[in-house]
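**Q** Go by the hints and put chain B onto chain A.
Just so you know, the sequences run in chain order A and B.
Residue numbering for the first sequence follows our numbering, beginning at 7 and increasing consecutively.
Residue numbering for the second sequence follows our numbering, beginning at 39 and increasing consecutively.
Hints should not be assumed to be uniformly reliable.
As the list claims (entries may be wrong) - Short derived list, chain A residues pointing at chain B, Cβ under 8 Å: (1) Gly48; (2) Ala117; (3) Gln146; (4) Arg164; (5) Leu225; (6) Ser282; (7) Tyr287; (8) Leu424.
What the hints assert, rightly or not - DEER-style ranges, computed between Cβ atoms: (9) A:Gln315 / B:Arg123: 35 to 45 Å; (10) B:Cys364 / A:Gly270: 52 to 62 Å; (11) A:Gln396 / B:Asp129: 19 to 29 Å; (12) B:Pro74 / A:Gly311: 50 to 60 Å.
Worth flagging that the hints you see were computed from the coordinates, not collected in a lab.
In this text the structure is predicted, and so the values were computed from the model without any measurement.
In this text, a Cβ means the ideal position worked out from N, Cα and C, and glycines have one as well.
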Amino acid sequence: MSPTRIVITGMGAVTGFGFEWQSMWQRMLAGEHCIRPWQPEGVEAGTFPVRYAAPVDMGLMPAHLKGHPAWGLSLEKRTRFGWVAATQAIADSGLSTEQLRGAAVLSASGAPAHRLQDMLLSLADNPAQAPSWAQLMARQAQVDPDSSLCQSNDRLARVIADGIGCEGPVINISSACAGASQAIGNAFQMIRRGEVELAIAGGADSVLSLDTMTALYLLGAASSEQRWGTELCRPFDRHRSGLIAGEGGGFVVLETLERALARGATPYAEVLGFGSSLDAYKITAPDPQGRGAVLAMQAALTDAGLKPQQVDLINAHGTSTPLNDAAETLAIKTLFAEREHYRRLLVTANKSQFGHLIAAAGAPEFMLTALACREDRVTPTLNLHDADEQCDLDYCAHQAVKRKVDVALSNSFGFGGLNTSLALGKYREAPR
Amino acid sequence: MTRSNTTAVYITAASVLNAAGAECAPRDSQPQAAQPLDFDPARLARCVAAPALPAGVYDRKLSRSLEPQGARLLYCAGRLAEALRGLELPDERIALTAAIPEVDGPSSCWDAVQAIGAQPADLLAQFFAHTPPLHALMMLNSSVMAHAAEALHCKGPMGGFCSQGNAGLDALMEAAAHLSEGRADAAVVVSSSPNITPALYLRDATHPPVNPGPWVFGEGAAALLLTTTPGRGAQSTLRIAGFARGYSAQPERGLAVGRDVIERALSNEKLCLSDVGQVVADAQDPQVAALFSLSGHTLEHSKALVGDLGASALLSEIAVTWALDCSRYTLLLEHGRGGHWGAVLLARTSSDTETMESYP
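For reference, chain A alone in the conformation it holds in the complex:
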């Protein structure tokens, strides 16, 4: 029996570039970014150490989305973004609700982000009287059922599933910054093993709140550098100083090629393999040798039946943190060492253009990798003016690159060394 081929037939994205993948793709090819000055709500200007982020600009919302049910409920931002991205992907695929009934829904939506105004409900009239938890319980009747406090982590997955009348598996993924990539990879494997015929997979996240950004800053993950302005996100550059948070979401529709062709759909690209691994190193830092990253990329290639020499492009995790970018570069050089294939590879880091979408990061990056395979064009890594001596690959600095991309990897690595890599290929009629 020949292996089941699985293709991407629908895509939807919400990022700082807007509410659809088409404008994101065009603006990224043009070398734009959406990082801008940012501060948490309610904080005096200039007092919060993290000054830049890539928030979603609600002003870019197209008219046809203004009636989307996501805006009618007090859902968390991440749930809204994800729901819009998923419905865009479904519309893009051309699938009807009836065709979606047996689909799997896989979503990653990050850690809960309780809004300050919801948390303030926990305060007693006299704050010294009671601990906040007990007071919250006493006031539970006042808590809006749609407030962030009432939204479980799998809310997005269920909102999507309920919206399409889904009866397939509904799965909520939690593997930190590798979440959306794991969702897509698991969806691919579920289709391949015959559990379902199609899946909607991706993720959405927003960490742009006072408490979460405080925590990320104190952890040393978020950059507070001031001197580069909006060019702060500098993957692989000597002056990179930490992640710049973005927000948004992305979803794709995956299905068997047989099914896609039977209904007349045109695949964007083919999913070839998925690999994951654990660093088992330290909770606070990646393995400096990039061994976990090597294992994940190797596993994706093995899963796809590919050799390293067949890879043309790596969409890197590329966080602009000193440790990740050096370790990821070393991992690429290790895995693609034979005949120094790493010198012929293109590597790009999308986070330089729309920031780090945390649990959702892998989804739009996966889409951009698929588009690179389809269009033979690769989005650039911005702000790479002074390459770190440890980072000496071709990172597509500054400008988009036009080159044939037959096979590509999309990497996502989560806090604590949870690693994923997805292998994609240009869609063609004959199997590889």
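**A** Here is chain B on its own, set in the frame of chain A:
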């Protein structure tokens, strides 16, 4: 890899922690009285004290940066360390999957909110004063995967799942797939119930229990060791013989989805429900009870003993089946409040030679 190219997957070790103790207890044991909660004495729950982590497995300082559900999960994972070491596998061939609820506290951000109430103008200062450096990692549910991986030397494939009661099945299926499809030779599957906080009750208020009877949360954790060969001593080996999952977006479709999930779980072994000796499912759930109303099975479940363990419920029941049950086939059925359905079929192996059967 296709469905025809699969390997059998066995459960060869298990550990639990819950209100019934740190050893698997028979489901018909007499439960201890449930305890009133600190934050709402009118509510009862079956809680456990945060355990000390097994000596020699984890860094001694780790317990300082763990919240309770993480501590429970790592306690159970750590108790599998010896059995895992005994397999003598390369680190890269050991997978780790987890059912990990969101972490709802105790969070220092709540202390910050409390302080802001006293000094509203000092919002930023209060957040910085109350947020320790590793707070982000402590509140990130997947951090426990990193801790478990480091301690147990798991470098193979991974998967973290954070749905509700169904997360345990998702973690089990993912781990079994890694083994059966050749990506790993052993897998550690870990799970924890969510911390019992007001937020848990707030969230569940939007999804009232399908069980109309007394509803008591429990605290607990469970961990399983999966391998591709049966353990030495067939008495303690179960084979994962089938599983399936689904979702009923429309409540009126619940029974049909539940029935379909059961049929698919049994289909790999070409069984019908009457071939199953034991069914582990919550008889208090009207839809579950309806599915078995004609089969003649007496439904067993640990909920009355340990409370509702959420993401850890299924793995805890599997651990009990592994340790105590003796039916040739045991079917476990989960029906979550959100509409999730899941079924697992376990087969008791009778000899060390049963190695070539495949799972679906």
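**Q** Which of the numbered hints above does this structure break?
**A** none
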